[in-house]
Amino acid sequence: MKVGVNELSFSFGKKTVLNNISFEVGEGEFLGLMGPNGSGKTTLLRCLMNYLNPKSGEILVDYRPLSDLSAVEVAKTFAVVPQSSATDFTFSAYDIVMMGRIPHMESRLAGAGRDDSLAVRTAMERTNTWQFAGRQFSALSGGERQRVIIARALAQQPKALLLDEPTVYLDISGQIEIMDLVRKLNTETGMTVIAVLHDVNLAARYCDRIALLNNGMLETIGKPSEVITPENVQSVYGVDVVIRKDPFTDAVYVLPSLHGAPVHVHGTRVHVLSGGGTGGPVMKALHDWGFSISTGVLNVLDTDFESAKDLRIPIVPEIPFAQISDDSHSRNLKMIDESEAVVVTRFPVGPGNLRNLEAAIHAIALKKRVFLLAPPEEKDYDFVGGRAKSLVERLLGSGAVQVRYIEDLQSALKGVGKR
Amino acid sequence: MNWLRIMSPKPVAPEKGWDKDFQRMRRQRILILGVLPIILACVGFIAVFIGTTGPIGPGDPVRISWGEALDALLHRHGNWPADYHAIFWSVRIPRVLLAGLTGAALACAGTAMQAVFRNPMADPYIVGVSSGASLGAVVAGLSSLATVAVIGSIITPLLAFVSALATVFVVYWLGTVRGRVYVDTLLLSGVAVAAFLGAIVSFLIYFARQEYHRIIFWLLGSLSLATWTAVGVMAFCVVIGVVCIFLYSRDLNALLLGEETAHNLGTDPEFLKTLMLVMAAVMTSAAVAFTGVIGFVGLIIPHMVRLIVGADHRILVPAATVTGAIFLIIADSLARTVIAPNELPVGIITALCGGPFFLYLLRRSRTRGEPA
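Going down the list, the sequences are from chains A and B.
Quick note: this note's numbering has the first sequence finishing at residue 875, numbered continuously throughout.
Quick note: this note's numbering has the second sequence finishing at residue 462, numbered continuously throughout.
Treat the hints as calculated values from the structure; they're not laboratory data.
Some hints could be false.
[What the hints assert, rightly or not] Derived contacts from chain B toward chain A, CB cut-off under 10 Å, selection only:
(1) Arg116
(2) Gln118
(3) Ser155
(4) His175
(5) Phe336
(6) Leu346
(7) Glu349
[To be verified] Not close to chain B: a few residues of chain A, all C-beta gaps over 12 Å, as computed:
(8) Val536
(9) Asn670
(10) Thr685
(11) Lys823
Note that beta-carbon positions come from the ideal geometry of N, C-alpha and C, so glycine has one too.
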């Protein structure tokens, strides 16, 4: 079923909640509605279910205005799964799902017919709730309860499912359980799904498209990877984030940004020699302690390269999987010369990055303080037939200080800046 | 959109008798609905014979046999005291009927209020009915109007009824914003208005010491002023109220899942809330006008019956209504016999019996791990 929203506006008294919103949802599409608290997501959903009447504009259901539909027709078109359906009253799960049949019953005193019991049974099997049909609804776990509510929505036999933050009160297993179920219903039956979602990562993972609302206006709508960008998140939520891609599904996910402003910047320059993911925590710690950092040489695509980029620190880059070139090496040495101390992590050393260790030897020669992190456990880092090991021993023999934990670096580096 | 695929996840039809548990549950509940009216009839019949004169009652000189009592009831020839027929027809029967109707009204209104407020602690007085009616009754009692014969017996219930409905209207108006009834606002408005009117009632009672006893007796609730007029008016209100609430029992079920869900199931929660409030207010106001403020029935009967038959209002509404009637008839029979020849206000009995029994049920359901 297609849903069209056409220049929709809504206000509570004088406060405008939705301002001129237009978009379309295609047949069988899974659309996520996102936005900060108070951006109008839930209000939009309530307009769609005809619970609130828009001030202007219209909603079209398969090209028919929603306002032309009777209450029962709307009930057979949209089924709603609210945030939570806690009730203090004693209903069995079966009773709750049977309520979904209300719009299908002819008279208000009619009992459940064969069609009704069959629809309830089918809906409960689809949502894997049939096995506790006879149990008290209020005695079920949060995830089970939400599945029963989804079963109730299915028993309504709607053309589209509207969900209002269906996972907000659930733990992570419940969240995934519910989202998997909704996605499955969406793909297997072709039912259109429109869901208000709070969790950016869940939304990006499950939705076909995301509509991002901000202050009652539609900021943007599109594929998750188009909508969830650092710029959009910054402008709508006002936070810095880092966007990554799930290697298995290509779904984007969001992490809080690493480069929060340090408490106190003193500007002592420290150069970090790392690679293969060993440098991230060190760089983050040094950044938080207020050091100004540089790093090199890192291959583009190396995890540490990404971390350094997120922290926005100067990097000497190298082509992916290539050996450190003479040019990069000399730029690295120049950066070392400009800094006051060098931190060397226990990165795996291969023929490609052996020169980073040689750079550390050079730093000693330049009378820089060199700190060598101890490996967390006896792990082989030498992939160059002992040459890395001997370089490390040479380092330690010529005045480099071994530091056990990253936290110890702070005190070890204390005297450095003052000279 | 392929409904066939939703409707048949497995191509096979469900095994035979898959819904027999639900059918059995249904039959059990219907059985309860069949049994309750029989109990009501028996209790009502026996209650008519309880009293200082008759086959059952506290130690008192006038003791006659069942046969003689039946003769008197039907005005047949026999060995019964001369005024006994009149005692039946102008005192006992209207009193038992009024007790039954009042109990039914309070229990049914309580059930509706608990659904509207989605709170099992709501009662029929939650929107200020009792304080409004009390004010009306106290004003009537203090004005010279009450001393005039004929009008006097009508004026108190009439004023109580009118001021109870007026109070509900004010509370409803306070709880409604732009055509939408906000139940939490309604609840708080009810509490505030009740406190305000309660203060006025206390103030009036304080300056009317000679009337003090009569007013307190009324405030505690009593069925001693039962008349056929009262029975007629109550019956009218109860029939309309109960039928109306019963017709919307399915919508009440939906409302318990929240207004948004109720709306999504094709019902109209705004209309439903208003209708339920009006019906509950009419029944409760009439009950309070004739019998005073009888506490506890409207709170515990729906709750107690829900523990037994479940929360489905299609069964709960009739079951609670009949149980309320049974309960108040028994309570009133006790009220007029325990300290005979004097009478206790029935409100004291309902609270004394209802409280512990209710606590017993509550504990039992809690220790079984069921929600109340």
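Provide an ascending list of the numbers of those earlier hints which the structure does not satisfy.
-> 2, 3, 4 and 8
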